[in-house]
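Enquirer: All chains, full assembly: derive it from the sequences and hints.
Heads up: the sequence shown at position 106 corresponds to 106 in the working numbering, and the numbers run straight through without jumps.
Don't read these hints as lab results, they were simulated from the structure. Here a beta-carbon is modelled for each residue, glycine too, at the ideal position from N, C-alpha and C. A portion of the hints provided could be inaccurate.
[Unchecked claim] Each computed DSSO-like pair below joins lysine-lysine, with the alpha-carbon atoms no more than 30 Å apart:
#, residue 1, residue 2
1, K83, K134
2, K124, K134
3, K181, K134
4, K170, K103
5, K134, K103
6, K181, K103
7, K188, K83
8, K170, K134
9, K124, K181
10, K83, K103
11, K83, K181
12, K188, K134
13, K188, K124
14, K181, K170
[Stated by the list, open to error] Label-pair distances were calculated between CB atoms; the ranges are:
#, residue 1, residue 2, range
15, P88, A61, 18 to 28 Å
16, D18, T100, 52 to 62 Å
17, P175, S99, 11 to 21 Å
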Amino acid sequence: MADDRLLDHVYDGIQEYDNPCPRWWYLVLWATVLFSPLYFLFFHVGSSGWTLSQSYDQEVADNLNLRFAEIGELTADEPTLLKYMHEPDWLAIGTGVYSTHCKSCHAADGSGLVGPNLTDDVYKNVRSLADIAKIVEDGAAGGSMPAWRNRLHPNEIVLVSAYVAGLRGKNLPGPRGAEGKAAPPWPKGKPDGVDLQ
1 MADDRLLDHV YDGIQEYDNP CPRWWYLVLW ATVLFSPLYF LFFHVGSSGW
51 TLSQSYDQEV ADNLNLRFAE IGELTADEPT LLKYMHEPDW LAIGTGVYST
101 HCKSCHAADG SGLVGPNLTD DVYKNVRSLA DIAKIVEDGA AGGSMPAWRN
151 RLHPNEIVLV SAYVAGLRGK NLPGPRGAEG KAAPPWPKGK PDGVDLQ
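Expert: Next comes the structure, spelled out in structure tokens:
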């Protein structure tokens, strides 16, 4: 240690020796530098058409298909919507779809923001329960309400429509006021004839 050379600068009375870094530090540094672009290309740009976001999307779709295998392909008709309006386990999927795609225009509680209030009895484009699913699928108002047919699974459309139908009757005040005409009340009970009220 007698031949160790001190550096010229002093900071708070502390001086440092001018010793080289251990060689393995340099090896780790250069291995990291060489590995980083390969990691970035594989996980962020994609290798052979695979990216991390595509992998996530695929896993979500697989999980959704697995859950939907229990109920099969739903039709967007009145009996189906009535049934799933009263199925809390399946309605949770509709709630999730609404929270992800709908609340930015219709508010989290359905009272409306730039989109109309969904909690009152007045509708612009809906006269029957099945019309809700049709509006979700095809959109309305010249694109103000986007079509979701090609972006959502058909069962997601049915379940979010059932959720939206269940918002009716809460009559929450919204910034836009009532828009459209009063729609007839939804039928009561499940389609199997068991009255829920």
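Enquirer: The structure should be examined with respect to each hint, and the outcome stated for every one.
Expert: A quick look at each hint next to the structure:
1. K83 x K134: Holds. K83 to K134 sits at ~17 Å (cutoff 30 Å).
2. K124 x K134: The given pair, whose Cα atoms are some 13 Å apart, holds under the 30 Å limit.
3. K181 x K134: holds, 18 Å
4. K170 x K103: With Cα atoms ~16 Å apart, K170 and K103 stay inside 30 Å; holds.
5. K134 x K103: Answer holds: K134 to K103 is near 18 Å, not above 30 Å.
6. K181 x K103: OK: K181 and K103 at ~22 Å, within 30 Å.
7. K188 x K83: holds, 10 Å
8. K170 x K134: holds, 22 Å
9. K124 x K181: Given pair K124, K181 holds - Cα atoms ~6 Å apart, limit 30 Å.
10. K83 x K103: holds, 23 Å
11. K83 x K181: Given pair K83, K181 holds - Cα atoms ~25 Å apart, limit 30 Å.
12. K188 x K134: Measuring from Cα to Cα gives roughly 21 Å; hence the hint holds.
13. K188 x K124: holds, 22 Å
14. K181 x K170: Roughly 17 Å between the alpha carbons, so the hint for K181 and K170 holds.
15. P88 x A61: 18 to 28 Å: At 23 Å between Cβs, range holds.
16. D18 x T100: 52 to 62 Å: Distance hint for D18, T100 holds at roughly 59 Å.
17. P175 x S99: 11 to 21 Å: holds, 20 Å
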